[in-house]
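Asks: Sequence order for the protein chains is H and X.
For the first sequence, this note's numbering gives the first residue as 1, with consecutive numbering after it.
For the second sequence, this note's numbering gives the first residue as 1001, with consecutive numbering after it.
By construction, these hints were calculated from the structure, which means they are not laboratory data.
Any given hint might turn out to be false.
[What the hints assert, rightly or not] Label-pair restraints from in silico Cβ distances: (1) X:Y1228 / H:A120: 57 to 65 Å; (2) X:P1218 / H:K136: 54 to 62 Å; (3) H:L68 / X:R1159: 30 to 38 Å; (4) H:F89 / X:R1159: 36 to 44 Å; (5) H:E131 / X:V1076: 17 to 25 Å.
Every residue gets a Cβ at the ideal spot worked out from N, C-alpha and C, and that includes glycine.
Here is how the chains run, residue by residue.
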Amino acid sequence: MPTFVYMTRCDGCGHCVDICPSDIMHVDKTYRRAYNIEPNMCWECYSCVKACPQNAIDARGYADFAPLGHSVRTLREEAKGTISWRLKFRDGREKNFVSPIRTTPWGSIKGPAEYEAPRAEDLASQELAHEPTSLKIEGGLPALHSGRLRRGTA
Amino acid sequence: MFTTNPFAALSATVPPVAMRAYVVAMIVLVVAGTLFDIVHKGSARYFFDNWRRSRTRARSPLGGGELASIAIQTAVVDVLASGEFCNARRRIAHLLTMYGFVLHVVSTVVMVFSNSISDVWPHLWWVGGLMVLAGGYWFWFFIRVDVAAEGNSPWRVMRADLFSLSLLASVTLGLVWAFLQANGSGAAVVFFALYIVATTVLFASVPWSKFAHMFFKPAAAFEKRVSYANGTRANLPGPADKPEQFGSARTAPRHY
Chain H
1 MPTFVYMTRC DGCGHCVDIC PSDIMHVDKT YRRAYNIEPN MCWECYSCVK
51 ACPQNAIDAR GYADFAPLGH SVRTLREEAK GTISWRLKFR DGREKNFVSP
101 IRTTPWGSIK GPAEYEAPRA EDLASQELAH EPTSLKIEGG LPALHSGRLR
151 RGTA
Chain X
1001 MFTTNPFAAL SATVPPVAMR AYVVAMIVLV VAGTLFDIVH KGSARYFFDN
1051 WRRSRTRARS PLGGGELASI AIQTAVVDVL ASGEFCNARR RIAHLLTMYG
1101 FVLHVVSTVV MVFSNSISDV WPHLWWVGGL MVLAGGYWFW FFIRVDVAAE
1151 GNSPWRVMRA DLFSLSLLAS VTLGLVWAFL QANGSGAAVV FFALYIVATT
1201 VLFASVPWSK FAHMFFKPAA AFEKRVSYAN GTRANLPGPA DKPEQFGSAR
1251 TAPRHY
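The following block holds chain X by itself, in its conformation from the complex (with noise of 0.2 Å):
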């Protein structure tokens, strides 16, 4: 089950150039529905007016060679690392869930677009999927701030899910389907059908979740990472000049 390539077998009822314009025009869907929620709004001009502004109060202007070096720092701590997160959990369940959801994405594309693959694949699409099964139930039902802070129900559900629940949704029903498909069950094509649905969901309801955030959190933090190279620092003073004697009295929020 875990050598086979899921969308192979499905071949004898479903064509190959089916399956490949299906994945285009999520690809489209997700170009189209971030451009739009850029223009709508107006992320980009508020970015690029931040910018503006900062270089214009700079108190030590930045190089090509510096902004090279702050790109890379974002790329590093704040995208690849996850690096914001001031809750360790939260940022353990962040990073599998997006490497879980990178490797699941791009092993659905090598598999449905190649012929001939390595057993490597598959494997790397079932890890993927339960990567993001493990970080998403884990944020789902302990970490989000509605059930970790707030108290209410797990069950509760309101736009700010849209984004998660047809994620969770996605995978969840590609897996099972996967694995009815693998042992011969006939429930395979209703589970194919629902995986589908959420699949279209999750990447046609961009501009109304936050699937965005991928896009604009980088873009904030290299302009936090900007702000404070070049002394505007978003108007925040500079750290007091004392030493650190006392720790720290933070503990995770609990309103209820």
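Isolated chain H, as found in the complex (with noise of 0.2 Å):
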């Protein structure tokens, strides 16, 4: 199903340029609006048409099994975490859902580069370099103990 992008509504931002992996998305040079320059590379990640802020991208599915009649379109709304889905079969029937992206706000979570550089001695531990403290595990990480299976409270 590689994506297409509808010239009308395309403001030529460049977001789907940024995000697709691919490096398919590119600005045209004789309208300055986004398209897919290659849709049998496209791989159907769906990046493109989530990240675009004006929903000016859709994607069309082969012909040989998702005959036309057919949309699956979604609409990512960053402030509420969330990308909804709306998917229409050709028989009329719908189904709609919502999945969520994230459960904390935008930039909360650190990037690698932000921590301490592991010490060498962190090598012998069997604990990952900055494990989460959501894990709470600063007495060591959780063990079976023979005594305790003995006594069924492992």
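Using the hints, build the complex out of the two chains.
Replies: Here you go:
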């Protein structure tokens, strides 16, 4: 299902060019609007469809297994942390669902470079560097003890 | 300089009737170019096909009053305030260029066709021209996606630049010509000739440039608002029933 762009809706902002992992969304040299330069190489990841602020990108099904009349469209709402999906089938049935993107505010998760570099002795530890504090493993990783197993309280 | 009609001073060498005929010819070129563009690209057929499809599938059909209300919203938000832009810098540059172009063109027509005009029109001609230059060169060197997002040189020219470049050339050369003419420079004739060439390219290149966007963009914005109001939403899902709590991480695109 390669993507295509509704030219009347695209404002040429370039967000789809920025996000496309295959680098096949480009800005057209005639109208300065985005377009898919190589539909055969599109792996239908929907990144550009979700990223487009104008909802100007759609995906076209291959005629052999997704004949004309169907539709799969998404709406990404960053502030809500959701992506809504609307699937329309040829016979008129519809499926609507919402999937979450995240549970914390954008920018609240520290990147790897923002942590201190691990020390050499940390290599001997079973823990990964900078395990999330939410795991609550300050006292060491959970382990099985034979005595507790015998008591049935492992 | 800012209070004199540059076209009145020009009438000593170019007959007013020739100037008026040129303005009419440019208007005819724009109308003919737009009609050709609509027929050639099938944009009107596409618009009306979408319109019929949207009406057929409407979940809540719209009455005349609702359509009039949507038309007013489109005119105010999408056209007069360039509401479709998600990038604030692009929106400001577009507003400067759009209103500058309108002021410049309207004052040009008034000054060419009217013998006795108030001082306001030459002022508007200069103000409009300077607004076009401010918005246009800001867009050209810093904002357009080729430069800002793709890291290309601002001097790389392609067909998509035909409208922007011919508009900037026309207004720049027009202001330089008026300045030189007001100061009695002999080079004014050269700049006037270049001004006419750039202006002719701007208005005669409608079928090959993005000049026609000022006609099809409002139509597309109207169609989008109608589809949201009648429930079809161009097959898009409705907004999620969740509170806004995470802010936004969207940054300006930068591909290099």
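Asks: Evaluate each hint against the coordinates.
Replies: Comparing the hints with the structure gives:
1. Between Y1228 of chain X and A120 of chain H the Cβ separation comes to about 60 Å, which falls inside the hinted range of 57 to 65 Å.
2. Separation of P1218 of chain X from K136 of chain H is about 58 Å and conforms to the stated range, judged on CB atoms against 54 to 62 Å.
3. At about 32 Å, the beta-carbon gap between L68 of chain H and R1159 of chain X stays in the expected band of 30 to 38 Å.
4. In this structure the supplied range 36 to 44 Å holds for F89 of chain H paired with R1159 of chain X, their Cβ-Cβ distance being about 41 Å.
5. The given range of 17 to 25 Å is broken by E131 of chain H and V1076 of chain X, whose C-beta atoms sit roughly 54 Å from each other.
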